[in-house]
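These protein sequence lines map, in sequence, to chains Y and H.
Numbering-wise (our numbering), the first sequence opens with residue 63 and increments by one.
Numbering-wise (our numbering), the second sequence opens with residue 27 and increments by one.
These aren't lab readings, by the way, just hints derived from the structure by calculation.
Worth double-checking, as some hints may not be accurate.
What the hints assert, rightly or not - With the C-beta cut set under 7 Å, the calculated list includes, among others, these residues of chain H facing chain Y:
#	residue
1	T30
2	D109
3	G110
4	R112
5	Y366
6	T384
7	L399
8	A510
Said to hold, decoys possible - Here are the simulated distance ranges between beta carbons:
#	chain 1	residue 1	chain 2	residue 2	range
9	H	A278	Y	Y151	52 to 60 Å
10	Y	I157	H	G110	32 to 40 Å
11	Y	C135	H	R507	28 to 36 Å
To be verified - Chain H is nowhere near these chain Y residues, computed Cβ spacing over 10 Å in every case:
#	residue
12	D83
13	Q84
14	D128
15	V130
16	D134
Ideal Cβ positions, reconstructed from N, Cα and C, are used throughout, including at glycine.
For reference, the chains in residue letters:
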Amino acid sequence: MSLTRQDVEKIAHLARLAISDQEMPAYVASLSSIVDFVDQLSRADTGAVQPMAHPLAGQTQRLRPDEVTETDCREKYQANAPAVQAGLYLVPRVIE
Amino acid sequence: MLHTRTIGELADSLERREISSVELTRHFLARIERFDPSLNALITPTPERALAEAAVADQRRSAGERGPLLGIPLIHKDIFCTDGVRTSCGSRMLDNFVAPYDATVVARLKAAGAVMMGKANMDEFAMGSSNETSHYGAVKNPWDEAKVPGGSSGGSAAAVAARLAPFATGTDTGGSIRQPAALTGVTGIKPTYGRVSRYGMIAFASSLDQAGVFAPSAADAAIVMRAMSGFDPRDSTSVDKPVPDYPAELNAPLKGLKIGLLKEFFDGLEGRNGALIGAALDVFRSLGAQTADVSLPSLPLSVPTYYVVAPAECSSNLSRFDGVRFGYRCERPSDLLDMYKRSRGEGFGAEVKRRIMTGTYVLSAGYFDAYYLKAQKARQLITDEFRAAFERVDLLLGPTTPTPAFGIGAKIDDPVTMYLNDIYTIGANLAGLPALSAPCGFIDDLPMGVQLIGPHFAEARLLNAAHRFQLATDWHTRIPRGYA
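The shape of chain Y in the complex, shown without the other chains (with noise of 0.2 Å):
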């Protein structure tokens, strides 16, 4: 196993996800397996290459006005969320 269990708890808490005692044996085994395969590229001869920025050679990214385009779906959006009131998005209390 190239990755430990602690490896793993450690990248699961990184990316904020809950992951049981039950399953975390088999998330050890795949990440592993996952790890080994991707290894393969550290043997890779990339020369001076330059790591790639855009797939399309020469693409620049654009840039827009800064002007005022969309207009206000505060309440469209918000029918999307678990918890809002009076506009504002509901989250556990997080200063007591």
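Mind docking chain H on chain Y? Use the hints.
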């Protein structure tokens, strides 16, 4: 029968008032009702909305409007946002998500008068090659219901193969249009990165994702591609380049077309698969094409490169699902961190969690250079080799998949084996190239595809070559038993 006609023939019948869009839509809705309970190709059928849209299409035609898709029904992959209709992306996370706007692809096809009949099943967040990772259950392959249809756009592919719709949309990040097209015996095209807008298409790996089409034939796909493609200021990587008249270019002769045969695709190719690809090649030669051997020495790095880059982008893109603004939230969170972790842990399925964690790992401190940066270098190498190849040849030809459709459950417990299904398709995504799969025969009564890959923005050439191939063959007209 209406469902065996081409889009062109259906549009002619609509134009001659032999049939209305409402009648046509009813015909396909009846097929969905009859066949989909076992196929599971749709997550959300929208029959009432479809009939209302069909009535509008009929009114538009009565008012003098014409158009190749005006009144033609379709199914959208459930990755495209559809205003007022649930857009689940195959995930429990978005089971209750009603999109508040239309994706550009949806808006363009609606403007062209196409009639949406529902949202197609798919692997969760487009992560899978078998459609088994969907929260809504596996899709069956209409050629053999014990087999997968491929993925991630498996619902779209199965629906077109079973003729539940004249065409369907899909997305392709590592082969998710071409692989299921091959395994279900339909034509599927993934355009050049930037050709079709990604606005409103739920993001998996933004530098690889591209929308495309499933249809029985290249001629049908050309009609849809023309309507879907084009610049969109709402997608920052959309390319501002005129859209060719794909249908008008379908019939160009293939005499003198230079087809490259990729050494890396043919080395180790299974015998019966190799025979089908060889037979397809003979057809192209008989149409006047020439062939040349081509080698891309870095191509074997495609799959490991992809499984660094795609999970890295996925881990970043899917961080938006936090249980706050939309999507699933766990019951009674004890605090904010618990809410994030349990909402994501319960809302995402196993494969999505695996990819998020892979991506988190390769981007984490101490590993970024060894994995992510290295993969982006390999990606540049592969892209450079493709570019050099296209200085010598017009198209590359090879298999779409290593095998025909496999059994439901056969590979789901072994992610790396599953990932190798996309060994022939991933290269085009890494390099942003357009690629197409067309039916080319059968192995064990299951359909197989031949893949054509072109240089950037060569969609017209791909569609032209596939159309000429389909004029000389009849594989694309075969319909699975029981669905004729």
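Outcome of the hint check:
no. : hint                          : result
1   : T30                           : violated, 38 Å
2   : D109                          : violated, 9 Å
3   : G110                          : violated, 10 Å
4   : R112                          : violated, 10 Å
5   : Y366                          : holds, 4 Å
6   : T384                          : holds, 5 Å
7   : L399                          : holds, 5 Å
8   : A510                          : violated, 41 Å
9   : H:A278 <-> Y:Y151: 52 to 60 Å : holds, 55 Å
10  : Y:I157 <-> H:G110: 32 to 40 Å : holds, 37 Å
11  : Y:C135 <-> H:R507: 28 to 36 Å : violated, 48 Å
12  : D83                           : holds, 12 Å
13  : Q84                           : holds, 12 Å
14  : D128                          : holds, 14 Å
15  : V130                          : holds, 15 Å
16  : D134                          : holds, 12 Å
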